[in-house]
Amino acid sequence: MPVPVKYDAPASVAELATTPSSASWQALYEQHSRYVYYLALRTVGDPTLAEDITHDVFLKAYRNLDQFRGQSGLRTWLYRITINHCQNTQRAWQKRNIISTGDPQALDAVAANTDSPLRVLEIKELGQKIQQTLEALSDEYRLLLLLVADENLSYQEIASLTEQSSDAVRGKLHRARRAFVLEFQKNS
Amino acid sequence: MNPDTPKQRLQHRQTEEQSTEQQQTTGQQAGLAFDSVEELLRYDNLQTTPPPAIAKRLKVSLEQEPKPKRSWWQRLFGGRDSE
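Chain order of the listed sequences is A and B. Counting in this note's numbering, the first sequence runs from 1 upward without gaps. Counting in this note's numbering, the second sequence runs from 1001 upward without gaps.
Keep in mind that the hints were calculated from the coordinates and are not lab data. Where hints are given, some of them may not hold.
Said to hold, decoys possible - Stretch by stretch, here's where chain B covers chain A in the computed footprint (C-beta under 8 Å, at least three residues): (1) 54–65; (2) 78–90; (3) 126–133; (4) 158–169.
Said to hold, decoys possible - Derived BS3-like pairs (lysine-lysine); straight-line CA-CA distance at most 25 Å: (5) A:172 <-> A:186; (6) A:172 <-> A:129; (7) A:172 <-> B:1059; (8) B:1067 <-> A:186; (9) A:60 <-> B:1059; (10) B:1067 <-> B:1056; (11) A:129 <-> A:186.
Where is the CB? At the ideal position from N, CA and C, for every residue including glycine.
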């Protein structure tokens, strides 16, 4: 189980509200941008869109610093903005395009061997393969897997970000892992 | 071990990155094996660096922004505004 590590106390946020070029903002960007960009990239599947989303997330965070109450970690807050932004982007995209998604129920019904390790032979195509696998999953499973991969988030924080109970997160994660492994093996 | 202090976290991250580099080297010869989906995604995350263009764009955007509002706790505990 991921253990939450809080390395962004609200005190440091006070420094963030000073100037945009402050060292605090740079530190904030360096500390979190990899995670925000990765979540955006693997959610929307387009590097250019992910770039725009990452930029917009940090800009939005700057504009709404007064709304950050320090009750959650900064990472969790940035993830919340990222998730909302990705959902809006995807909604706008889906309005213009017809997409076909895999049936998550059908995927669940098939037994997947989750005990054996996921073997990868070709590293240069790994990102592409992971993207294909994630795209075959439901939006909810994809998001849960991407969030749980961040060791800084607890199940409680993931539950809060996805608006459900921790127990529901645990149950769905179990199915999401199975669905991922099955799809990953299919692409191997 | 779960890192608790910034120093421990840095060491933890460095160890993780070293381990990733080693894995990658090994992987080029014999492939990689991940025990869990999370482990695979963490590895993928470490291989995915945000393009430097984002930081440059963000810097320009932030310089054009007005100073953000102060939160309730900053107003309460933060003292006077610095000019």
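Results of checking the hints against the structure:
Counting residues of the stretch 54–65 of chain A whose beta-carbon sits less than 8 Å from any beta-carbon of chain B gives 8, enough to reach three: the coverage restraint holds. Counting residues of the stretch 78–90 of chain A whose beta-carbon sits less than 8 Å from any beta-carbon of chain B gives 0, not enough to reach three: the coverage restraint is violated. Against chain B, the stretch 126–133 of chain A contributes 3 residues with a C-beta closer than 8 Å to a partner C-beta. That satisfies the three-residue criterion, and the hint holds. Evaluation of the coverage hint for the stretch 158–169 of chain A: breached, as 0 residues show C-beta separations to chain B shorter than 8 Å, against a requirement of three.
For the hint linking residue 172 (chain A) to residue 186 (chain A), the alpha-carbon distance of about 21 Å falls within 25 Å, and the restraint holds. For the suggested pair residue 172 (chain A) and residue 129 (chain A), the alpha carbons sit about 22 Å apart, so the restraint of at most 25 Å is met. Of the pairs offered as hints, the one joining residue 172 (chain A) and residue 1059 (chain B) is violated, with about 39 Å between alpha carbons and a cut-off of 25 Å exceeded. The suggested pairing of residue 1067 (chain B) with residue 186 (chain A) is violated, with an alpha-carbon distance near 51 Å, which exceeds 25 Å.
The hinted pair formed by residue 60 (chain A) and residue 1059 (chain B) meets the criterion: a straight-line CA distance of about 13 Å does not exceed 25 Å. At roughly 19 Å between alpha-carbon atoms, residue 1067 (chain B) and residue 1056 (chain B) fall within 25 Å of each other, so this suggested pair holds. The hinted pair formed by residue 129 (chain A) and residue 186 (chain A) meets the criterion: a straight-line CA distance of about 10 Å does not exceed 25 Å.
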